[in-house]
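Visitor: Here are the chains, one letter per residue:
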Amino acid sequence: MTSLKWSCVELVAHLLERGEREAALGDLAEARESVWNALLGIVGLGVRRQVLLWKSWRPWLAGFGIAVPSSFLLMGVSVSVSWSYQRLLCPELLKAASLTSSSGLLVLLWQALLLIGWAWSGGFVVGSTSRRTLGVSALLCYAPCLFCLSRFRVESMSRLCLLLFLAPAIWGVRQGLRIARLNPWLAFALAFAVTVLMIPLWSVAHGSWKVSQMNLSWALSLPAWYLAMTSLKPAQVTARN
Amino acid sequence: MITAAAALGDEAYGAAIRQQLEETTGHKCSIGALYTTIERLENKGLLKTWMGEATPQRGGRAKRMVRVTPKGVLAAKNFYDAVIRVSRGASWVPRTGSAG
Chain X
1 MTSLKWSCVE
11 LVAHLLERGE
21 REAALGDLAE
31 ARESVWNALL
41 GIVGLGVRRQ
51 VLLWKSWRPW
61 LAGFGIAVPS
71 SFLLMGVSVS
81 VSWSYQRLLC
91 PELLKAASLT
101 SSSGLLVLLW
111 QALLLIGWAW
121 SGGFVVGSTS
131 RRTLGVSALL
141 CYAPCLFCLS
151 RFRVESMSRL
161 CLLLFLAPAI
171 WGVRQGLRIA
181 RLNPWLAFAL
191 AFAVTVLMIP
201 LWSVAHGSWK
211 VSQMNLSWAL
221 SLPAWYLAMT
231 SLKPAQVTAR
241 N
Chain B
1 MITAAAALGD
11 EAYGAAIRQQ
21 LEETTGHKCS
31 IGALYTTIER
41 LENKGLLKTW
51 MGEATPQRGG
61 RAKRMVRVTP
71 KGVLAAKNFY
81 DAVIRVSRGA
91 SWVPRTGSAG
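In order, the protein sequences belong to chains X and B.
Residue numbers for the first sequence follow the working numbering, so the first one is 1 and each next one is one higher.
Residue numbers for the second sequence follow the working numbering, so the first one is 1 and each next one is one higher.
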């Protein structure tokens, strides 16, 4: 078991959960399987585990329903927050937007709160609905980020402005992994707060832009409402996977 | 799987069940097929598993012990009865001496 080849098998076995890894590696050692057969066995078990996980709707919701679209949309919101911050530091820009320092600060706080609420609730849903496919969900979140980072060209802004949403999203994922389900009062308070914060967003937009703003903001608020609805269900329904 | 685990009794764990299955059926049984089946049967309440002790010949790694639940025994018995019923009269079933 100490050879380099067995170390490779043990490394690949990290695809499996701890208890299963112990049992499978022990069984292979006891059966005196060759390194190649052991490797095939472990990879086969890992693949079967992943396939079984993806038979459920939860990883699809977490990965393709939330991680990919929310990353794109939240990068846009992150840029808006960064822009509001820049405007606050530049009196000419504030004047051009017909804002005072205090109203500019208020706009920045409002956008930042909305970003935190959307990103946190999205992260929480990803963490709580499919914890065993979290790696895939993370990859599906980072792919749009890398795509946008490579194409972002605004001289006055750092590319890292796109990633402001990551901190509250990761916080949400960690909370989702820990507690799986929110208290109903807290979940509904979050959903209502996010919805109320969205209203000024619609009032400043006009025409077709207003419709798309409404659709995008509702799309980003869906995780918060999902959390509110699932908080009413029995614990065993939400604690799987 | 249930029959192999039941036959092994208190000694039923992954490697032992795998060996029993391979010896009985003459076919190779992969670790992947073994553990995914064990988990499926456990989710149905037909098996119960827990982590057992580690032994030197396993490289100091723990065994995943398996026990057939009463529900598993009943399911295995029902399945066996069904196989006997549907096989009645089939050419490969040895005929028992008929009365009269």
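Note that these hints are calculated values from the structure, not bench results.
Because the structure is a prediction, the values reported are computed rather than measured.
Yeah, the Cβ is synthetic: ideal placement off N, Cα and C, and Gly gets one too.
There may be inaccurate statements among the hints.
Stated by the list, open to error - Reference excerpt, derived from the structure (chain B facing chain X, CB under 8 Å, subset only):
1. G26
2. S30
3. K44
4. M51
Visitor: It remains to establish, for every hint, whether it holds in the given structure.
Guide: Evaluation of the provided hints:
no.: 1; hint: G26; result: violated, 16 Å
no.: 2; hint: S30; result: holds, 5 Å
no.: 3; hint: K44; result: violated, 14 Å
no.: 4; hint: M51; result: holds, 6 Å
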